[in-house]
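Enquirer: Here's the letter readout for the chains.
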Amino acid sequence: MATAASTLPASRPASGFMSWITTVDHKRIGILYLYTTFFFFIVGGLEALTVRAQLTWSNLKFIGPDVYNQVFTMHGTTMIFLFVIPILAGFGNYFVPLLIGARDMAFPKLNMLSFWLLLFGGLVLNSSFVLGGAPNAGWTSYAPLSTTVYSTGSAIDFWIFGLLLVGISSTIGAINFLVTILTMRCPGMKLTEMPMFVWSMMVTSAMVLFATPMITVALIVLFLDRNFGTLYFSVAGGGDPLIWQNLFWFYSHPAVYIMILPAMGIISEVLPVFSRKPLFGHQFIAWSSVFIAVLGFAVWAHHMFQVGSPLSVDSFFAAASMVIAVPTGIKIFNWISTLYQGAVKLTTPMLFAIGFISMFIIGGLSGVALAAVPVNWQTHDTYFVVAHIHYVLFGGSVFGIFSGLYYWAPKMFGRKLNERLGKWHFWIHTLGFNLAFFGMHMVGLLGMPRRIYTYASGQGWEVYNLISTIGAFTIALSVLLFMINWVVSMRSGEAGGNDPWGGATLEWSTSSPPPAHNFDIVPTVHGLNPLWAAGEHHAGEQPHA
Amino acid sequence: MNTRRTLFLAGLVLAAALVVAVMPALAQNGDDCPTCPVSFTGPSTLDPHSPTMIEINKLFDFILVMAGAVFVLVEGALILTVWRFRNRPAGEAVQIHGNTKLEIAWTAVPGVILAMLLGFTLRTMAVVRAPVSGDSIKVVVIGHQWWWEFQYPELGIITANQLLVPVGTPVEVELHSRDVQHGFWVPQLFGKMDAVPAHTNRMHFTVNSAGEYGGQCTQFCGEEHAQMRFSVVGVSAAEFQAWAANQQQPAPAPGGDAAARGQKAFMGGACVSCHTIGGTSAAGKIGPNLTHLASRNFIAGGVLYLTEDNLKLWIQNPQAIKAGALMPNLGLAPDTVSDIAAYLSTLK
Numbered sequence: 042m043a044t045a046a047s048t049l050p051a052s053r054p055a056s057g058f059m060s061w062i063t064t065v066d067h068k069r070i071g072i073l074y075l076y077t078t079f080f081f082f083i084v085g086g087l088e089a090l091t092v093r094a095q096l097t098w099s100n101l102k103f104i105g106p107d108v109y110n111q112v113f114t115m116h117g118t119t120m121i122f123l124f125v126i127p128i129l130a131g132f133g134n135y136f137v138p139l140l141i142g143a144r145d146m147a148f149p150k151l152n153m154l155s156f157w158l159l160l161f162g163g164l165v166l167n168s169s170f171v172l173g174g175a176p177n178a179g180w181t182s183y184a185p186l187s188t189t190v191y192s193t194g195s196a197i198d199f200w201i202f203g204l205l206l207v208g209i210s211s212t213i214g215a216i217n218f219l220v221t222i223l224t225m226r227c228p229g230m231k232l233t234e235m236p237m238f239v240w241s242m243m244v245t246s247a248m249v250l251f252a253t254p255m256i257t258v259a260l261i262v263l264f265l266d267r268n269f270g271t272l273y274f275s276v277a278g279g280g281d282p283l284i285w286q287n288l289f290w291f292y293s294h295p296a297v298y299i300m301i302l303p304a305m306g307i308i309s310e311v312l313p314v315f316s317r318k319p320l321f322g323h324q325f326i327a328w329s330s331v332f333i334a335v336l337g338f339a340v341w342a343h344h345m346f347q348v349g350s351p352l353s354v355d356s357f358f359a360a361a362s363m364v365i366a367v368p369t370g371i372k373i374f375n376w377i378s379t380l381y382q383g384a385v386k387l388t389t390p391m392l393f394a395i396g397f398i399s400m401f402i403i404g405g406l407s408g409v410a411l412a413a414v415p416v417n418w419q420t421h422d423t424y425f426v427v428a429h430i431h432y433v434l435f436g437g438s439v440f441g442i443f444s445g446l447y448y449w450a451p452k453m454f455g456r457k458l459n460e461r462l463g464k465w466h467f468w469i470h471t472l473g474f475n476l477a478f479f480g481m482h483m484v485g486l487l488g489m490p491r492r493i494y495t496y497a498s499g500q501g502w503e504v505y506n507l508i509s510t511i512g513a514f515t516i517a518l519s520v521l522l523f524m525i526n527w528v529v530s531m532r533s534g535e536a537g538g539n540d541p542w543g544g545a546t547l548e549w550s551t552s553s554p555p556p557a558h559n560f561d562i563v564p565t566v567h568g569l570n571p572l573w574a575a576g577e578h579h580a581g582e583q584p585h586a
Numbered sequence: 088m089n090t091r092r093t094l095f096l097a098g099l100v101l102a103a104a105l106v107v108a109v110m111p112a113l114a115q116n117g118d119d120c121p122t123c124p125v126s127f128t129g130p131s132t133l134d135p136h137s138p139t140m141i142e143i144n145k146l147f148d149f150i151l152v153m154a155g156a157v158f159v160l161v162e163g164a165l166i167l168t169v170w171r172f173r174n175r176p177a178g179e180a181v182q183i184h185g186n187t188k189l190e191i192a193w194t195a196v197p198g199v200i201l202a203m204l205l206g207f208t209l210r211t212m213a214v215v216r217a218p219v220s221g222d223s224i225k226v227v228v229i230g231h232q233w234w235w236e237f238q239y240p241e242l243g244i245i246t247a248n249q250l251l252v253p254v255g256t257p258v259e260v261e262l263h264s265r266d267v268q269h270g271f272w273v274p275q276l277f278g279k280m281d282a283v284p285a286h287t288n289r290m291h292f293t294v295n296s297a298g299e300y301g302g303q304c305t306q307f308c309g310e311e312h313a314q315m316r317f318s319v320v321g322v323s324a325a326e327f328q329a330w331a332a333n334q335q336q337p338a339p340a341p342g343g344d345a346a347a348r349g350q351k352a353f354m355g356g357a358c359v360s361c362h363t364i365g366g367t368s369a370a371g372k373i374g375p376n377l378t379h380l381a382s383r384n385f386i387a388g389g390v391l392y393l394t395e396d397n398l399k400l401w402i403q404n405p406q407a408i409k410a411g412a413l414m415p416n417l418g419l420a421p422d423t424v425s426d427i428a429a430y431l432s433t434l435k
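Just so you know, the sequences run in chain order A and B.
Using the numbering used here, the first residue of the first sequence is number 42, and each one after it goes up by one.
Using the numbering used here, the first residue of the second sequence is number 88, and each one after it goes up by one.
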């Protein structure tokens, strides 16, 4: 005797292992993203420590070139493709629907697919360590070094397959974000009045959508060269290795902005809340991101100033790269103006947000130096560049990620992270970061190339490297503190309630953690900072209307 | 939550990790190490020894001053703002949303600074890459995994590792690669340019003052990328003439029994399939030309200084010195190795 109810599909389990495996809830998928990518952060971090240990002093033999090249390749690949890019997508997963007052992402099952592709891409990549050796041609894997003539074995094929899966994950995610943001905003939320994190995810997703196919093509072509005898990069067969560089950087330079814009979005949420002021120049911050995104596709060859292009080509890319400093500057000035005349409360998320600005200024300035072609001829492929990328990607993106974790943990888990440990984390983190990376500017100018597994004594490089290594282990200590804080606070931390910070955006209007359907009643908003404008009661203090 | 205990434990972990990392460093003594890799004194971009590098350094100094000023102003503004407005009651936060005049100002001012920088950059590019006028010397530089080959086509000289040039004469470089990409760079003399397979890149430099200037490969090129050093040696015109005259001679006949035996072993063995020695039957093109090997200071991309003992170590087991080296371990008897090293040491 069939009833109507029995013909419905069995509901998904609500808790336990299977519930996480089968979930299509954007919040659970977001948490899966966060834990998975944080795991890869630890893996990539251990690889970084291995690199730093080997370089502590001249002529060390802690590991040989074979292992070193695998480890530094996997450090870069892991941190970029398995940590920074996807953890920001993880934040997007959890918070984009909440911030726009939606019940889920537009395509929950595609969302699920994005996550599992990411996880398996990461596992494929890392399984190479035990299946014949990890990729060892650098995260850039320039042809012809990455072709079968010079990279025998299957390590590079693992790299290609892993990144293809991650790239597909990223592309699917971008489509999902775009559709969600464009079509599922709650009543009253104009596109130009979205929270800045949502705006950033929209711009980033557009970049992912246009850029990622290029690396997908490059990876497939490399795979064909390696396994099916095509000759795209083979000199003997009339191919050209520079095709790889152009394809690779056409994706990988936009990827730099894919890694930074969402983090900029995070701190653009955090700064106003802890200044008790609206974001200064909201529209300028928003449109500067669009400007960066468009221009970001016209600067890729500034990674190739040393390949012997005509001066006219180098001049164009130098000019475009310098121009990008302008919208970046606009953001920094607007953030500082957001703090100005505010009621600045130095909570841990705020400290990380201010740390982001402070460190990113340094990375931005070294970036301008690198855009000056003749200076680039001197600093390219040296530790100066390593310093630069870490000031923007670690000083920028990773500080932003930690800001977001401290800021949103009480929403995701209902408990605040311990502020005292959080502040210790911040200060040790910042100290370690600067110890690890500031000296790299100097040692690069002193002529130390990157990606070398050892260096001779007597060139004046040892002291800088020793300090870098101490800094790297200091960062590790701070991350350890963070993990202790996380574990302890998730069990017995202070309950945060719905809105522990006095937030301005919709996620703070629902419970912590939010119910599966996010909002009992789909909210209607007017203008920026809907919760402040609505004059609702908050645990935090209310700014003037 | 016992914060102190946590911190203490974490500190212990850090200290232990540091000791592990630093101990081998302290145990190693870089000096007086005959089998350590070649080291160059101060291969620093901040110590230019060529006219073009001096130009680049002017640009760099300009950027350093501008960036320093911007850094102090912006970082200062950030820190002062945070300091001034920290811990104020929420009610005192001033609710402003923006200011268009300010937006225009902080768009325009950086724009002007960057336009100046771009102008300076373009000018410096033109100066550094300006065509050579007057006398010059042409060299062909070829990157190999993992050593540098230097050819002087006008003089009929082929050598490796050390590029001798006369001080004050422009050197026109044609860059090639035999395998993967390599990066050709001497920080004190010229900015880097890649040797790209299937491409011919050209650049030039002039050495201002006599001396040996260290360089190494900068484009990651595989396992032994780190051990791909070379140097440019600036000498007087007379010294260069004398050196070139010697290099143009065929290899000298071996003097002494050991060297004679060594030559026989070399010519009768696998060595000749990769190496050339002018005036002999050895005509391999894969490895470095050894005609005047003993006139160089170091071998194998700077992994060892050139001494007879080091030659023995190298020939006996190259991979023990340089794990990825492509020169095979021929499994020669130690006596044969000694003889060959003796022979090679006569190739002045």
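Please note: incorrect hints may appear among the correct ones.
[Said to hold, decoys possible] BS3-like mimics (lysine-lysine), calculated; alpha carbons at most 30 Å apart, straight line:
| no. | chain 1 | residue 1 | chain 2 | residue 2 |
| --- | --- | --- | --- | --- |
| 1 | B | LYS435 | B | LYS351 |
| 2 | B | LYS225 | B | LYS399 |
| 3 | B | LYS399 | A | LYS102 |
| 4 | B | LYS145 | A | LYS386 |
| 5 | B | LYS145 | B | LYS225 |
| 6 | B | LYS145 | A | LYS231 |
| 7 | A | LYS150 | A | LYS231 |
| 8 | B | LYS225 | B | LYS188 |
| 9 | B | LYS351 | B | LYS399 |
These aren't lab readings, by the way, just hints derived from the structure by calculation.
Keep in mind the model is a prediction, meaning the values are calculated, not measured.
Enquirer: A separate judgement is required for each hint: does it hold in the structure or not?
Expert: Structure-based check of all given hints:
A C-alpha spacing of about 18 Å is found between LYS435/B and LYS351/B, which places the hinted pair at or below 30 Å, so the restraint holds. Our distance criterion of 30 Å between C-alpha atoms is broken by LYS225/B and LYS399/B, whose separation comes to about 34 Å. Simply put, LYS399/B and LYS102/A have alpha-carbon atoms about 22 Å apart, close enough for the 30 Å limit, and the pair holds. Pair hint LYS145/B plus LYS386/A does not hold up; C-alpha atoms about 44 Å apart against a cutoff of 30 Å.
Restraint check: the Cα-Cα separation between LYS145/B and LYS225/B comes to about 28 Å, which is no more than 30 Å; the hinted pair holds. Straight-line distance between C-alpha atoms of LYS145/B and LYS231/A comes to about 50 Å, which puts the hinted pair past the 30 Å bound. Among the hinted pairs, LYS150/A with LYS231/A is consistent with the structure: their alpha-carbon atoms are about 27 Å apart, no more than 30 Å. With a C-alpha separation of about 57 Å, the suggested pairing of LYS225/B with LYS188/B is violated against the 30 Å cut-off.
Restraint check for LYS351/B and LYS399/B: the C-alpha separation of about 16 Å stays at or below 30 Å, so the hint holds.
Hints 2, 4, 6 and 8 from the list above are not met by this structure, while the remaining hints are.
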